[in-house]
Each structure stands twice: as structure tokens, then as C-alpha cells.
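Enquirer: Sequence:
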Amino acid sequence: MKSIRICIQDIRKWRDNTRIKMCFLLVVLFVISYTAGLRVLSLKMNIDMTPWIFPFMFTWRYMKIVYMIPVIFIFCDAPFVDSNQMYVIMRSTRKSWCIGQILYIFAASFIYTILLLISSIIVNIRYMQLDTKWGEVLGTASTTNILQTIGENYTTVNVSTIIVRYYTPLQAMIYTFLLMWLSMTMIGLLIYIFNVFTKTRFAGSLIAAFLILLTAVVDGKPFLTWWSPISWNSLNNIDVAGITKYPTIIYVLLMYLMIIVISIFLILFIGKKQEIIVQEER
Numbered sequence: 030m031k032s033i034r035i036c037i038q039d040i041r042k043w044r045d046n047t048r049i050k051m052c053f054l055l056v057v058l059f060v061i062s063y064t065a066g067l068r069v070l071s072l073k074m075n076i077d078m079t080p081w082i083f084p085f086m087f088t089w090r091y092m093k094i095v096y097m098i099p100v101i102f103i104f105c106d107a108p109f110v111d112s113n114q115m116y117v118i119m120r121s122t123r124k125s126w127c128i129g130q131i132l133y134i135f136a137a138s139f140i141y142t143i144l145l146l147i148s149s150i151i152v153n154i155r156y157m158q159l160d161t162k163w164g165e166v167l168g169t170a171s172t173t174n175i176l177q178t179i180g181e182n183y184t185t186v187n188v189s190t191i192i193v194r195y196y197t198p199l200q201a202m203i204y205t206f207l208l209m210w211l212s213m214t215m216i217g218l219l220i221y222i223f224n225v226f227t228k229t230r231f232a233g234s235l236i237a238a239f240l241i242l243l244t245a246v247v248d249g250k251p252f253l254t255w256w257s258p259i260s261w262n263s264l265n266n267i268d269v270a271g272i273t274k275y276p277t278i279i280y281v282l283l284m285y286l287m288i289i290v291i292s293i294f295l296i297l298f299i300g301k302k303q304e305i306i307v308q309e310e311r
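When the sequence shown is numbered by our numbering, its final residue is 311 and no position is left out of the sequence of numbers.
Quick caveat, the hints were computed from the structure, so don't treat them as lab data.
Quantities reported herein were computed from a predicted structural model and do not represent experimental measurements.
Among these hints, one or two may not hold up.
What the hints assert, rightly or not - In the DSSO-like style, the derived pairs of lysine-lysine whose C-alpha atoms are separated by at most 27 Å in a straight line are:
hint : residue 1 : residue 2
1    : K31       : K42
2    : K228      : K42
3    : K50       : K162
4    : K42       : K124
5    : K124      : K274
6    : K31       : K124
7    : K228      : K250
8    : K162      : K73
9    : K31       : K250
Given only the sequences and the hints, what does the whole structure look like? Please build it.
Expert: If you want it as C-alpha cells, here you go:
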């Protein structure tokens, strides 16, 4: 219970954290801008689109980077020690405190992923209809470059034909949410570990930035994708039914879980002798 309270306390601090508020605001603005083309297409076709945009927001490698970079800013101050945390540590065990920090990384990643999902719906809700299928707008966008064809110059969501063809909307939403959540949690844990090992607040961020930027080089290259964890969080980089050389969903999930479990054990191990350095949020 102490660990859960520590996690909740860290999340409550967001109310006074300008950095995290700005990250969330920028992400919503990016979603508004990146989905604008679909709204235009919906109006041109005079057909409401379905609310299944979320799985396609990460299929274009450069926009994936845009959405992943804020994760670094959310976790860059790991291990999240301020003057108040000193009192928390004294009133609980080191193990409880470390578990609380791990739970915070899981919870913050979950909230950020929820924000991406909900914002993709809310900002386009005027142009949507509920349907269990992909719908004509997304279906058309997946097979043709229709915006350029009708003379509209928009860089918009890349609706992957692979996702539309091989996944139902519900499957794509669930898998994408899970993969994004796991990848963001992995990033947060890695930032924590490297910051603690180096006793800095930039080493972990550099490692995370490298992994995120690597996807710009690796995406679209099946063999290299096996070694790029951030590339795994979009369904167009995962093999379906053995028809490509991309990693399978089983491989991706097992690798994410393995990295996360190893990271958790490392955090609990180094937490026993971790030097507590107080750095106030600015």
C-alpha cells in the first residue's frame, strides 16, 4: 500500500509541473495537426469516419518520434527525488519507495497512452460515426493517395494497408495500446536505471533518445527492426501470418516483458544502495 501511495503522490505533483503540462498540451496539438487531413477527407467524401485512428498515428516513423520524445521529458528527472521524497523514504523502506517509483513509471506511461488514444477521438468527434468496421474514409485512405488526388496538400495519418487488411479495428486498438504502453514503460525504466548508475539526469535521456531516433533509420527494414524496440510499437512493423520478415507479435511482447522485468530487478537491486540526491523541479 505504501508503494501505491508513493505512486499516486508522484502523479499528483503533475498539477505543479509545467514541463509535463507542456508535454501533454503539445501532444494534443500534434494530434490535431496530424489528423487534419482525415477531417478534410471526411468532408470531401461527405462521409463520417470511424473512431479507429489511434493504430495509424505511429505508422509513419517521424511522427512516432514526435509522440515518443515527450516520454523522455516526462521521465527525464528519474529517480524523481525532491525534498518531499526524503521524508517519504524515511517513513517507508527503500524497497517500498523503489516499487512506488516503478509503479509511477507504469502509471504515467498508461496515462500518456490514454491521452493519445482519447485525443485522437475527441479532436475529430464532430466528423465521426460509430462502426465496428474500419469505414469508408479509413479504407479509402489505406488504398489510395486520395488527398493529393483531389488537390489537398496535407501530411496526415498514414493509414497502413497491412493493418486494415489483417486486423479488425478492436484488435488493432488493443494491440497498439498495449505495445505503446509497454514501449513507454520500457523507456521510463531505462532512463531511471542509467540516471541512477551515472548519478546524472541526462545519461538515461540520451539512451532513450538514441532508441527513439533509431526507429527513423530502422523502420521499413525488416531485419534491423528485430533490434529496434521502439519500432515494435506500431503494427505495420510486425509480421502477420508469416508473410513478412518482420518480428512476430509473440517475439515483440516477450522482448518487451523481458526488458521490463530485467529493468525492474535492476532498479530493486540498485535501490538498496542508491545514493539519494535531492534536485528540485524547475
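Enquirer: When the hints from earlier in the document are held up against this structure, which numbers fail?
Expert: 3, 5, 7, 9
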